[in-house]
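Using the sequences and the hints, build the whole thing.
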Amino acid sequence: MSKNILELTNVTKNFPGVKALDNANFKLKKGSIHALLGENGAGKSTMIKIITGVYKQDFGSLIIDDNKQSFSSPNEANKSGISVVHQERNLIRRFSVGNNLPKNNLGLINYDQVAEQSKKWLDIMELDIHPNTIVSELTVAKMQLCEIAKALSLESKILLLDEPTSSLSPQDTKNLFSLLKRLVKEQDVSIVFVSHKLEEVFEICDEVTVLRDGKNACVSENIKNLDRQKLVKLMIGRDEQIIKSKENKNINKENLLDLIKINTDLGHKEISLNLKKGEILGLYGLVGAGRTELIKCLLGLDRIISGKLVLNNEEIKIHSPKEALEKYKIGYISEDRKKEGLILMHDVLTNAGITVWSKLKKILSFLNNGIIYNKVDPYVKKLEVKTPSYKQLVSNLSGGNQQKISVAKWLAAGTDILFIDEPTVGIDIKTKAYLHELIINLSKSGTSIILITSDMPEMISLADRIITMKDFKVVGETMNNHNYDDMSASIMANIHE
Amino acid sequence: MKTKIPDFVKTNQFGLLLLVIVFILLFTFTTDGFSSRFNIYALSRVVAIDIMIGLAMMVVILTGGLNLSLGALGVSAAMFGGWCMESMGIPISISIVLILLFGSFLGWINGYVTVKTGVHSFIVTLATMSIYFGFMTLLTEAEAFRKLPETFTDFGSMKLFNKYISPLLLLSIFTCFVLFYLFKFTDIGRKLIAAGANPDAAELSGISVNRMFIYCHMLSGFLAAVAGIMLTSRIGAAIPSMAGHLGFDWLLPAFLAPVIGGTLLSGGKVTVFGTMLGAVLVTLINNGLYLIDVGEFWVRFFLGLILLFAVLLDRAREYFTSKNSIVS
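Protein sequence lines correspond, in order, to chains A and B.
Offset between the first sequence (1-based) and my numbering: plus 1344.
Offset between the second sequence (1-based) and my numbering: plus 116.
Check the hints yourself; a few may be wrong.
Part of the chain A face toward chain B, derived, beta carbon under 10 Å [as the list claims (entries may be wrong)]:
#1 Glu1667
#2 Ser1678
#3 Glu1684
#4 Thr1694
#5 Gly1697
#6 Lys1706
#7 Leu1708
#8 Asn1713
#9 Trp1754
The following label-pair restraints were derived from C-beta to C-beta distances [claimed, not checked]:
#10 B:Gly234 to A:Pro1801: 35 to 43 Å
#11 B:Ser209 to A:Lys1725: 46 to 54 Å
#12 B:Leu428 to A:Thr1483: 39 to 47 Å
#13 A:Ala1837 to B:Trp224: 50 to 58 Å
#14 B:Trp224 to A:Asn1712: 28 to 36 Å
What the hints contain is simulated information worked out from the structure, not anything from laboratory work.
Ideal placement from N, C-alpha and C gives every residue a C-beta, glycine not left out.
Structure (structure tokens):
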């Protein structure tokens, strides 16, 4: 049996009013990939932060390579060979890739040397990027890979990956996994892998530790002794409810929204597609295929150069999201809830009601909290948002509840057409299933939905029809028969033909 | 369990109120004449204008921006008013409406250029500050309007409440209530705040962010024009240098009041009454230091120190972004 490179023993961490970790244990074997799982709020982040020196545990010990350690800053953790790749991007966007991969020396910068050194790590990652490329020009997937390269460049022996695949396509994910396996073998790295996608855990992890409410539901369980069902039960403490996909939904055959040969400023070419009433139309594609960008053009944030947009057999032009909402009843649930979906520094009531202010205002623009509350409350209740009060700042809520609020505000707005972009990124299983059910119910009640997701299983369980995009063009359209193998094969064929 | 502390005690404003009281007591007992009727009346005339320019700055800070042209704009509007009343003989009421429109228009220029160019309002208003002031000096040939209608100048020297308080102060307090109502109880006020807090999210939620930013700048111009009118009425004349060269004399109090009051420099949070208390505090310290006779330069030194301290406070506030409501 190989030895443990990292060990947490009986770690407890208290926050005001919450016991984030309660006698939790974690053991990472040298040269292994170890999954750390749990629902949102189970204590994963706290554990990661203790390992990386952001927090200090109240009780218990942290042992690295047989030495008892106590970090007082992330920098110290770095020096002990621990790096973490967070969900959020931590690259400096207007710097070049090379300058984002620093050695920790604060001398004069020799740019050629920087390029040369970083090339080495980019090569190990098999990234075909020149070190002088500016980060903001990269696709999201490439940025993610650069983050990992950055972590490696610190010569880390322990790598913590927090949902590394949330913005990656299946292809990119596959590449990443073979790379991780190689890193473990060749670079002598041990990896802690945090993900909500259980398929991935089974694909690459050797062992699993599950946290539930700050306690261990299991410690270092061999993956071979587990299956999906068992794992889910460990995570949520009960069996998973399988959502039934709705085969025989009556889709009104009439087109509600038609895009006819749309060309845009951003480079979309001859995009033609239609959305039927009450339909969930999936837009699948790799990151960088131009899906989100297309939606933003439809909302008037970027210009449509030519082509027609037809709503209910009438040609329309949308100049702003305001016009889309107020005139055409079209809404957009952003993929980036922190930046575009919510106002984190404002309270729940403000965020849930923002779309309906215009509609609710009385004479002289009068509008008080009570009026908004009456309108919004049913939706917040319906979505089971967990918040102590409507005055709670959204930044203090968990990711799942935040996402529910960014959905609730569009339910309150009562739109006919909803563009939903990556609705379950970074969301725990329970909330994810909940949101899936909600999307299906929405479409049943007559809302037409364009769904963008890079999560193939999600796409196949939700969409009625799937349009595949690649390089800002539509490359295929498939009726969804909800059979994962069929569908993924035909979609990937569309992309790679 | 500890005894429950009422919510208002934990707010920034409550702390400010205590500070104000402490300073009032301090100056009352350490100086001669602080609590005299004359001094309190003089204070009320000064603080009235400081509140108004603080509010004018606050509504632009709300967008995460700044309005450096505040002083130049206010003086330009006042000079325009002097020209209306004295040279053109336009009745006072109509003149005032024209001045306010003029101020709003200059504010609109600030907002429009900021929004259309995407340049930070710091730079835009630095430029317009010079433009407005230069243009005003050119047109007036740096001459003052000293023969304003008496009804107008009488207002500025009127004494209320047993001759303790200037009506100017009541006007400022009234404006505070109006703004509080705007931000707390109207659709448009909520949209202004949302746009300032997170422009991207606001835009995607169906708010026209550019329009909101322009509104904020117009409101700032409007309030600066009000301050200009008040100052003119107080002095009894419209003088190009009444807010210092390029209107610089207004800048420090304009920043101090909202920042001390708890308005976030990064935008998205306003404190109308905090700004009011901030202005009161600054005027108090200013006045008290003069009475203690520490000398002009020390006063400036202290005000600068306070601004620095207030900005540090702002950083801390941003860090903790307390559970206070976004309008107070």
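Consistency of the hints with the structure:
no.	hint	result
1	Glu1667	holds, 8 Å
2	Ser1678	holds, 6 Å
3	Glu1684	holds, 5 Å
4	Thr1694	holds, 7 Å
5	Gly1697	holds, 8 Å
6	Lys1706	holds, 9 Å
7	Leu1708	holds, 7 Å
8	Asn1713	holds, 9 Å
9	Trp1754	holds, 9 Å
10	B:Gly234 to A:Pro1801: 35 to 43 Å	holds, 41 Å
11	B:Ser209 to A:Lys1725: 46 to 54 Å	holds, 52 Å
12	B:Leu428 to A:Thr1483: 39 to 47 Å	holds, 40 Å
13	A:Ala1837 to B:Trp224: 50 to 58 Å	holds, 56 Å
14	B:Trp224 to A:Asn1712: 28 to 36 Å	holds, 29 Å
When the structure is compared with the earlier hints, no violation turns up for any of them.
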